[in-house]
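**Q** If you count the sequence shown from 1, position 55 lands on 55 in UniProt numbering, and the numbers rise without skipping.
Derived from the structure by calculation, the hints contain no laboratory data.
Where hints are given, some of them may not hold.
Label pairs and their in silico Cβ distance ranges [stated by the list, open to error]:
#1 76 to 44: 33 to 43 angstroms
#2 120 to 42: 16 to 26 angstroms
#3 59 to 90: 35 to 45 angstroms
#4 85 to 108: 40 to 50 angstroms
Listed next, the in silico SDA-like pairs over lysine to any residue satisfying Cα-Cα at most 25 angstroms (straight line) [stated by the list, open to error]:
#5 125 to 46
#6 40 to 136
#7 120 to 46
#8 34 to 101
#9 125 to 56
#10 40 to 92
#11 132 to 113
#12 101 to 135
#13 40 to 132
#14 39 to 92
#15 34 to 92
#16 125 to 90
#17 132 to 112
#18 67 to 56
#19 40 to 69
#20 132 to 80
#21 39 to 118
#22 120 to 92
#23 125 to 63
#24 34 to 49
Note that beta-carbon positions come from the ideal geometry of N, C-alpha and C, so glycine has one too.
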Amino acid sequence: MEGSGNDNPPPTLPPPTTPQTAPQQAPHIVSTIKLPILKKGEYNIWAIKMEHYLAHTDYPIWEVIQKGNGPVSVTTDTDGVIRVLPSRTAEETLARERERKARTILLMALPEDHLAKFHKMTDAKDTWEAIKSRFGGNDEYKKMQDEPKALVTYEFHLMQT
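Based on the provided sequences and hints, a complete structural model is requested.
**A** Spelled out as structure tokens, the structure:
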């Protein structure tokens, strides 16, 4: 193939020119998962779904709900109103953002007719516990509720025999 005339390498193209742009930022990701909404009588399922949702989307938010967010600096003004002092460090600012986000997510997952009961709470952990208390009850309470029904049923059967 010496006489083919293709001994020259192919011409190289100059690198493409790009216009000067601002440094690229990380892309903003929007979650398309819907929050589970709490329905009457379905607290246990809702709590499981919320735990998985929060642990998957933003684990530090789930930790705020489970463990609390540490102390917040507060003061009382002359009228007796409690005021939260501004953050002093970046860590305090991040903690407050997580607290707000956790509370917002919990409130968004409640039915509208129950928002008034929980919206003034300032702590996500306390809000979670209040929701659990209001909608879930505890095992001892549920057990006590079931026992009288069983007793009444048993007495009814005795009376018929």
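**Q** Would you mind marking each hint as holding or not holding in the structure?
**A** Taking the hints in turn, this is what the structure says about them:
1. 76 to 44: 33 to 43 angstroms: 39 angstroms, holds
2. 120 to 42: 16 to 26 angstroms: Roughly 25 angstroms apart at Cβ, these two residues keep to the hinted range, so it holds.
3. 59 to 90: 35 to 45 angstroms: 19 angstroms, violated
4. 85 to 108: 40 to 50 angstroms: Check failed, 27 angstroms falls outside 40 to 50 angstroms.
5. 125 to 46: Distance of about 16 angstroms is within 25 angstroms: holds.
6. 40 to 136: Answer holds: residue 40 to residue 136 is near 9 angstroms, not above 25 angstroms.
7. 120 to 46: 22 angstroms, holds
8. 34 to 101: Within the cut-off at roughly 16 angstroms; holds.
9. 125 to 56: 18 angstroms, holds
10. 40 to 92: Status violated; Cα separation ~36 angstroms.
11. 132 to 113: 16 angstroms, holds
12. 101 to 135: The hint holds at about 22 angstroms.
13. 40 to 132: Distance ~12 angstroms between residue 40 and residue 132 Cα, so the pair holds.
14. 39 to 92: Judged against 25 angstroms, a Cα distance of about 34 angstroms means the pair is violated.
15. 34 to 92: 29 angstroms, violated
16. 125 to 90: Roughly 22 angstroms between the alpha carbons, so the hint for residue 125 and residue 90 holds.
17. 132 to 112: 17 angstroms, holds
18. 67 to 56: 17 angstroms, holds
19. 40 to 69: Given pair residue 40, residue 69 is violated - Cα atoms ~29 angstroms apart, limit 25 angstroms.
20. 132 to 80: 31 angstroms, violated
21. 39 to 118: OK: residue 39 and residue 118 at ~16 angstroms, within 25 angstroms.
22. 120 to 92: 21 angstroms, holds
23. 125 to 63: Within the cut-off at roughly 9 angstroms; holds.
24. 34 to 49: Within the cut-off at roughly 11 angstroms; holds.
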